[in-house]
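Q: Produce the entire structure from the sequences given, and follow the hints as far as they go.
Residue numbering for the sequence shown is 1 to 374, as defined by full-length UniProt numbering.
Incorrect hints may appear among the rest.
As the list claims (entries may be wrong) - Below, computed lysine-lysine pairings styled on PhoX-like, alpha-carbon distance capped at 20 Å:
no., residue 1, residue 2
1, 126, 277
2, 126, 270
3, 135, 228
4, 213, 153
5, 196, 228
6, 135, 100
7, 153, 95
Said to hold, decoys possible - Computed Cβ-Cβ distance ranges for the label pairs, DEER-style:
no., residue 1, residue 2, range
8, 25, 137, 41 to 49 Å
9, 207, 263, 26 to 34 Å
10, 154, 54, 41 to 49 Å
11, 327, 44, 44 to 52 Å
12, 157, 67, 27 to 35 Å
No wet-lab data here; the hints were simulated from the structure.
Using N, Cα and C, we set each Cβ at its ideal position, and we do this for glycine too.
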Amino acid sequence: MKAKKRSFLTKKEATKIGEFLGLNESEIEGALQYLHNVTIILHFHEILPNIIFVDPEPILDVLSHLIAITYVHRSDSTKLLSSQPSWNETYYLTKLGLFKEGLLKVIGKQIFNDDFQPSHMITLLKYLHIIVEVKNRKEGDYFFPCALPSYDKLNPAPTEIQPLLIAWEIDDSGTKTLAIPQGLFPLIIVHLLEKKKDEAYVDFSPDPSLDNKFYRYHDAMSLCVYEKYYIDIINRLTHIEIHFRGYKKSCLEIRKVVIKVRDLVRKVIKRSSKILKVEKDNIFAFKCPKNENCIVQEKDNSKDKSSTGTRCHNCHPQCDVLDIDDSYRCWFSDQLPSPMTHKATGASSAQPHQDSTTVNPDSDGAGQLSETIP
Numbered sequence: 001m002k003a004k005k006r007s008f009l010t011k012k013e014a015t016k017i018g019e020f021l022g023l024n025e026s027e028i029e030g031a032l033q034y035l036h037n038v039t040i041i042l043h044f045h046e047i048l049p050n051i052i053f054v055d056p057e058p059i060l061d062v063l064s065h066l067i068a069i070t071y072v073h074r075s076d077s078t079k080l081l082s083s084q085p086s087w088n089e090t091y092y093l094t095k096l097g098l099f100k101e102g103l104l105k106v107i108g109k110q111i112f113n114d115d116f117q118p119s120h121m122i123t124l125l126k127y128l129h130i131i132v133e134v135k136n137r138k139e140g141d142y143f144f145p146c147a148l149p150s151y152d153k154l155n156p157a158p159t160e161i162q163p164l165l166i167a168w169e170i171d172d173s174g175t176k177t178l179a180i181p182q183g184l185f186p187l188i189i190v191h192l193l194e195k196k197k198d199e200a201y202v203d204f205s206p207d208p209s210l211d212n213k214f215y216r217y218h219d220a221m222s223l224c225v226y227e228k229y230y231i232d233i234i235n236r237l238t239h240i241e242i243h244f245r246g247y248k249k250s251c252l253e254i255r256k257v258v259i260k261v262r263d264l265v266r267k268v269i270k271r272s273s274k275i276l277k278v279e280k281d282n283i284f285a286f287k288c289p290k291n292e293n294c295i296v297q298e299k300d301n302s303k304d305k306s307s308t309g310t311r312c313h314n315c316h317p318q319c320d321v322l323d324i325d326d327s328y329r330c331w332f333s334d335q336l337p338s339p340m341t342h343k344a345t346g347a348s349s350a351q352p353h354q355d356s357t358t359v360n361p362d363s364d365g366a367g368q369l370s371e372t373i374p
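A: The structure is reproduced here in structure tokens:
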């Protein structure tokens, strides 16, 4: 291997090694699968059956070169790359996160050969949900969200429909901290863009350079959903924030779409969390309108069926945010009685799904939680 300066074996070469050790075909397959499971090798037999990586260096090199293009000044990139991408290739990757397979041929000239080609790398990156294939884009055939810059300024959040917060409680030495699991945000974006038309029709928003109300950053993304509505997905470090941007032509229509967006995001997060083996479930929540350091969170009905309150218990007087404010309740209107019914009967609402949690932001951006429910 050292003589050939390669970081992988072909299946034929691996088979010869196995046969030399006295293994039959079935035993060779079992050995390869075991070595993959314990990460001694990487063998993605479902998509690249003829390539066995004994060192992940070529995969990491291609990814690091892709990202380096977006961070290193063009005059300095000659020190990193033997061949230079064109101005258009660099611009489309940096500003839009889009690239064509030809860019890999340029940056990976010393990595690829007859056995490991750019098309193999594309197949692998799609399989790992690092990139997603896009259609009918002259700027590129593949979207790589990690290549995009960070946002420097955000537009005011919409008030017609309040932002939905998604957070994870991380236990650290007895302190509950809000934080987004590492690597989850770009995975969520890729999974959303992988949705087919019959599921949700998720697509890019208009180019932010033409309309600055949209985002195209690695930590803030605007997407078109269900053909005519837009959502902003923003990484706030302590939580993910979802903005829904839709017109109020029909209140009933908007409510139905908002609920569909909520369920879509929930499914995508669940799938992404499973891939990253995130053990802690996420919570859906809102910023309390009376106390910016307090959030009102959705309660897990399966764990607590006795609670019936929907109020923010940290506020005095108490804030009936989901009872009286439609800009909040529209996210969960399918789970709540109508305000008119509640008002007419005079009965307390029966939706056991709300807790109150106080968030104390730390200097590093990771908030700490203190439960306010006794």
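Q: Now tell me if each hint is right for this structure.
A: Now for the hints, and whether the structure bears them out:
1. 126 with 277: Holds. Residue 126 to residue 277 sits at ~19 Å (cutoff 20 Å).
2. 126 with 270: 19 Å, holds
3. 135 with 228: Holds, at roughly 18 Å.
4. 213 with 153: 11 Å, holds
5. 196 with 228: With a Cα-Cα distance of about 15 Å, the restraint between residue 196 and residue 228 holds, given a limit of 20 Å.
6. 135 with 100: 12 Å, holds
7. 153 with 95: With a Cα-Cα distance of about 16 Å, the restraint between residue 153 and residue 95 holds, given a limit of 20 Å.
8. 25 with 137: 41 to 49 Å: Cβ of residue 25 to Cβ of residue 137: about 43 Å, so the range 41 to 49 Å holds.
9. 207 with 263: 26 to 34 Å: 29 Å, holds
10. 154 with 54: 41 to 49 Å: For residue 154 and residue 54 the Cβ distance comes to about 45 Å; the hint holds.
11. 327 with 44: 44 to 52 Å: 46 Å, holds
12. 157 with 67: 27 to 35 Å: Cβ of residue 157 to Cβ of residue 67: about 30 Å, so the range 27 to 35 Å holds.
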